[in-house]
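K.L.:
Residue numbers (my numbering), protein chains in the order written: chain D, -9 to 406; chain C, -9 to 406; chain Z, -9 to 406; chain W, 646 to 757; chain B, 646 to 757; chain F, 646 to 757.
These aren't lab readings, by the way, just hints derived from the structure by calculation.
Think about it this way: if two alpha-carbon atoms lie no more than 20 Å apart in a straight line, the pair counts; the simulated EDC-like pairs of lysine to aspartate or glutamate are:
#	chain 1	residue 1	chain 2	residue 2
1	Z	404	B	659
2	F	725	F	659
3	W	657	D	401
4	W	688	W	699
5	C	313	F	695
6	D	404	C	401
7	F	647	B	742
8	B	725	F	751
9	W	730	C	384
10	W	688	C	382
11	B	685	B	695
12	W	730	B	750
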Amino acid sequence: MSHDVVNSVSNNLFTINNLWMMIATALVFIMHLGFATLEVGLTQSKNTVNILFKNSVIPAIGIITYSIIGFDLMYPGSDFAGKIFGFSGFGIGTNAMGLTAKYNQGYTYWTDFLFQGMFAATAATIVSGAVAERIKLSTFLVFSAIFVAIAYPITGMWKWGGGFLDTMGFYDFAGSTLVHSVGGWAALMGVIFLGPRLGKYKKNRINAIPGHSMPLAVIGVFLLWLGWFGFNGGSVLSADPAEVSLVLVTTSLAASAGAIGAMLTSWVILKTPDITMLLNGILAGLVGITAGADLMNPVEAIMIGFISGIIVVGSVLFFDKIKLDDPVGALSVHLVVGIFGTLAVGIFGEKAGINQLWIQFKGVLAVGVFISIFSSALWFILKKSMGLRVTEEEELDGLDIGEHGMEAYPDFEKAV
Amino acid sequence: MSHDVVNSVSNNLFTINNLWMMIATALVFIMHLGFATLEVGLTQSKNTVNILFKNSVIPAIGIITYSIIGFDLMYPGSDFAGKIFGFSGFGIGTNAMGLTAKYNQGYTYWTDFLFQGMFAATAATIVSGAVAERIKLSTFLVFSAIFVAIAYPITGMWKWGGGFLDTMGFYDFAGSTLVHSVGGWAALMGVIFLGPRLGKYKKNRINAIPGHSMPLAVIGVFLLWLGWFGFNGGSVLSADPAEVSLVLVTTSLAASAGAIGAMLTSWVILKTPDITMLLNGILAGLVGITAGADLMNPVEAIMIGFISGIIVVGSVLFFDKIKLDDPVGALSVHLVVGIFGTLAVGIFGEKAGINQLWIQFKGVLAVGVFISIFSSALWFILKKSMGLRVTEEEELDGLDIGEHGMEAYPDFEKAV
Amino acid sequence: MSHDVVNSVSNNLFTINNLWMMIATALVFIMHLGFATLEVGLTQSKNTVNILFKNSVIPAIGIITYSIIGFDLMYPGSDFAGKIFGFSGFGIGTNAMGLTAKYNQGYTYWTDFLFQGMFAATAATIVSGAVAERIKLSTFLVFSAIFVAIAYPITGMWKWGGGFLDTMGFYDFAGSTLVHSVGGWAALMGVIFLGPRLGKYKKNRINAIPGHSMPLAVIGVFLLWLGWFGFNGGSVLSADPAEVSLVLVTTSLAASAGAIGAMLTSWVILKTPDITMLLNGILAGLVGITAGADLMNPVEAIMIGFISGIIVVGSVLFFDKIKLDDPVGALSVHLVVGIFGTLAVGIFGEKAGINQLWIQFKGVLAVGVFISIFSSALWFILKKSMGLRVTEEEELDGLDIGEHGMEAYPDFEKAV
Amino acid sequence: MKKIEAIIRPSKLDDLYTELRTSGFSGITVTEVRGYGTQKGHKEKYRGTEHNLDFVHKVKVELVCPDNKIEEAIRIIIEKNKTGKVGDGKIFVVPVETAIRIRTEESGESIV
Amino acid sequence: MKKIEAIIRPSKLDDLYTELRTSGFSGITVTEVRGYGTQKGHKEKYRGTEHNLDFVHKVKVELVCPDNKIEEAIRIIIEKNKTGKVGDGKIFVVPVETAIRIRTEESGESIV
Amino acid sequence: MKKIEAIIRPSKLDDLYTELRTSGFSGITVTEVRGYGTQKGHKEKYRGTEHNLDFVHKVKVELVCPDNKIEEAIRIIIEKNKTGKVGDGKIFVVPVETAIRIRTEESGESIV
Ligand SMILES: Nc1ncnc2c1ncn2[C@@H]1O[C@H](COP(=O)(O)OP(=O)(O)O)[C@@H](O)[C@H]1O
Ligand SMILES: Nc1ncnc2c1ncn2[C@@H]1O[C@H](COP(=O)(O)OP(=O)(O)O)[C@@H](O)[C@H]1O
Ligand SMILES: Nc1ncnc2c1ncn2[C@@H]1O[C@H](COP(=O)(O)OP(=O)(O)O)[C@@H](O)[C@H]1O
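One chain only, chain D, in its complex shape (with noise of 0.2 Å):
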């Protein structure tokens, strides 16, 4: 009996784990709702249907394809340990095995897949903020598809996978470089191929282009806060007390000083508190943090946070300069504090060195490269074959309008 005891002791941790990793899994996937209102408020209405088209449609697409291929690619098994590339077979399925501790202590088989399920498609919904207003919807959803399906979980599975930059010693603990930046880079190539919205750029002025509500802005960057207690607190994978709580304070401390950094740098720099840069902020800091959630204290996780949202505003306005055209900071958000948080990991808290610096920046270089080949490699070919951008009439109209053929408010007055 006290053999029947031990086991039911432990498999009442399991439980728990396994518990806390499927709410984790639905946080994670409550920011697709986030990314999408985000994006639909930071950009103009007549966009509005195709923005929120792609938006909901990239889950969809994200958890089939990661279910057929995405998954088998990322995490091959131990037979890839260090390798650079590994692949499992087509198709999830599991034994009796992979429903108990034996597959992991902290969750099942199907539950260890829904969560990195969630994941993966978060990257292909970094892309989407910034291309917007522009892309045609059938060459996004082919680029989605194939980047969700190859490109992301390759990478994945060189940290996460167990490939050759977990050998290497490199840290990205929830994915500042291998969600973040991996779709950071694949959005700084679509933005290089598309080239700016009509408009944004004439006779040397760098026209502002608002989006169109400020509340669904608002609501998504709350929601997407919330789902990074998932997206954080789960890359525990385990309801482990001390590491999650701790993960959850850094993670909101880094936020909310993010929020303060790109506030006051806002205010300072371009005279108004603008809250789309606040919004920013709040996001930077959470992208900041998310290499080393679990590395800093209290006081290393507000200083990484408040930095992010420094940076933040500096490059929105730099990507300005230079004229590529981003509506919503995607780049900003994701690539470059994405870059910082990663290195972060070399300055701040329990791994910081020179040492540990240094693998990280290989790290952030290995995963750039490779994505910025790949995303080029396919941005270039799918601009051959269906063509990338829509008509200049299409994009003056709206591609509510040319791409679905019908209005997002369309009880509403339209100013211009």
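Starting from the known structure of chain D, arrange chains C, Z, W, B and F with the ligands on it as the hints suggest.
P.N.:
Then chains C, Z, W, B and F with the ligands, alone, in the frame of chain D:
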């Protein structure tokens, strides 16, 4: 002491299970917000206050009536096993035992009540969408109260309360029939009794009456998907890692496949990627998998979802053809796909078989007949007594002004 | 080994409890989005950016200041038991013990901090609604920071930190007084110091200034109700199945009854079913039950909620009569019903009795006097130094243009 | 050449436009307006206070046409909008001196 | 018969309308417009870039009235809108040839 | 004194306004309108049903100016709006009898 330990161990499991059930309750609760935003998004701005009002008060009415009579009708106790009706007396309350694993190893009496109560209210909310933009507020509230208090628990008892459908071997995991079709049948009768909105079918032409806010509709669908984690996941009635995680995977795969099925169908048949069809597709996938979410493997879940997504688009077009005016597609999503999902248990998955299919069919029929008769009678009585429909003038000006004397968006210019 | 098992068993319980507390923290976090959307929904579109800005930065400020000083003021440790003031030194941090059940069997030190920090920020958010549409952004931010950092934790310590109210037998389960009235008193003083919005009371007439988006208001209230699952449910401070599930039931019943109470009152007195009153009624039910959520049976919970719903409608009308201009009804919901809820502990439920009622009354008074004096002084100083109110022109044109130089909905035509 | 400005009920626009087209009128311009007149708006109430008493949603239809088609246009407008209830609206006729089609730079009665 | 078109500040509409009613004018039609003029709009800034510099929210009030009441109408409009600050707006008077009440098909000065 | 009413494409407004300013025109008033004309709106489809076939977003620019500047104004409007494609819009010229600046109560051609 060993006995104490064994006790503590099983108490812990009870605590975990109950925790999950409470969280599932919260998730089902948020579905009400999902229904509210989806429904206002797909209807006109001039009826927004009215719809929000209904959807805000329905959960309140649902929970209160369920506490007075519904719970007692639905779970009358084992004396009524195999019966078609039972009642355990008014009100809710329990003794100390009701708060331990002796009540149920998955949850306390209170958790049980609240989880079931949240479910109950969803059935009325389904009706709300189909009869929107023309029904009198007071009449609808009376209908909802009676429907949730009496009709829903009676058919619920047939299966989940241990009634005759249960004895017969009917299977409906989380309520494709018991929740969704139940709402759907009542909605169908409502639509028939009410007639279409003014101007919807004039001169033998179908006139589109576009919904006024696509972002609200998208928010609604994502919240519903999120809520389904609790709706289906909670229907396991414990935090069992293997079962709950499988259910979440089949649920998400079906939703994703529903999205893709509806997107493709809409793109091919209607020649445009209609976002409202995509959204209906996600919901169809969710409703379709609900009856057998614990019986399917990933491939079967994808197939059910995909077929549901195709069905829902055809069904929306069909109801328009036969001039049954359903502004949000509730009949297609909840009734038609609810029936398909229930039958799917006999076609796919662990229980598939001609025998089971026949039982499923009988269950669908029994519930359909009862709810149709009950709700027709109720609609009829209400039509004769209070009146069902607002005046023509009120409908043209909008129910917000007519019923509530206020506007949902007083600051914005309306386009006609 | 048996010892190990016992340890593991109690560790498991600790893990479960802590898990629930972390989830409750996430739920309380999402209340900030609820407050943000409710508040913008009930105010004019021209002040939307301003309100969103405040509500987005308040949680950030709240969490940061709470990590520096608030938590240390509120929970100074057992040395200060029965006192009115205590401070355990700046900053947060813990040792290994703080991460085990030795700190508290319900949560780790980090969880404790974050849960409490999320609570703290809500008090400032309550103020935000009442002073909206006319207060200077910078002044409000300074007020909030000081209020959350100092005033809230001091009165919080009186009860939850083991101070004199606790010793006296004062009961306030989740903060009808300690959170809601605290915010409410500060809001009342703010409203008095600021005066009404321009044009609200002209020529002895009350002019309605309708809120600009009812869907946003509804989203807000549902998110708040959802958050209250964590606010009240988390206040059990463990995942105890019996207690948490009771609390969730009383909370939901009170919210439901509040909805119905307010709906009926509004329908009878105002002759229209006003959705803003319905929404205030839901919140009133929630605030009303908060002080005694664990002491009530279902019937008592319904009574408290119902009365709260009636009170809140009367109170909204009353404040308008005496020309205290509160755009969102924060005074009525949080202050008036907060007081009622606190007193209700002496009237209904397990602790009911004249003695307890008297103690409750003294607690309400003590907190009311302290917060009123503190916040008046602070408002006064800020009025003299930074100025409280925006210029008349800025108020007419909207604070979005005036304070932020941007619009919330640049794509839409405004009606006047 | 004259411009007809008709203030009508929004719900009548569709039918009016269809009829005008059928009768050979080539174009109109439509504006959302708020009308204050004999017809009073609905009593609106917000949190216990009445407001917005007098204002009604209307649309203004502008139609420039040659002098010889004015009669017909007015007839059609009356026909399609008259319900006999207060609030049917008004028709105003204003002189127009020149009309130019930007695309071709043509001007005169022929272009409208 | 003439039509007065006044471009005014939105915040002045309520008072103007009340006064016009009191003085026996039976109706007006109001349109939301954007004004570009001497008065400059607020500097708006979005993510570091200025825009929308010159445009100001205004409302256009249209009032058709008999020739003999034009003076009075203009006086009331000036009275209710003059603040002396840039942006008070403009009044334009345009001739009207015919006015018809759709409901009754009456026409002429009597109907306005 | 006359009033020019130009119905143009929304995307042309910015350039037109800049040019008018540069040429010394002091102000314009702009209204969002919907145009029905030769140019047809996009086919919109909602849940399988087509609708909204004929309507196009346009803006109406109103510019009151002295008789001697009419020519120039029209020239600028044509120049800035002509693409040669259907839908470039129309210019209508309407007589104006009086113009008053509310702020100063001045009237006449000098104020526009
Ligand atoms: N003198 C006027 N000048 C400008 N617009 C007017 C005038 N009188 C009425 N209108 C417009 O015509 C609309 C309809 O007029 P109203 O007096 O309500 O009804 P009816 O046309 O049936 O007499 C009003 O809402 C207003 O927009
Ligand atoms: N020439 C004009 N034609 C048409 N509208 C004009 C003209 N000049 C001014 N307006 C309108 O009148 C409004 C007020 O004019 P503005 O020059 O700003 O101030 P003021 O009337 O005090 O001189 C402008 O915003 C514009 O809408
Ligand atoms: N007779 C008319 N009266 C009033 N507005 C007109 C008239 N004809 C055209 N318009 C306006 O001018 C716009 C452009 O006209 P349209 O016929 O589409 O193209 P084009 O000007 O190139 O011939 C229309 O959308 C409509 O708003």
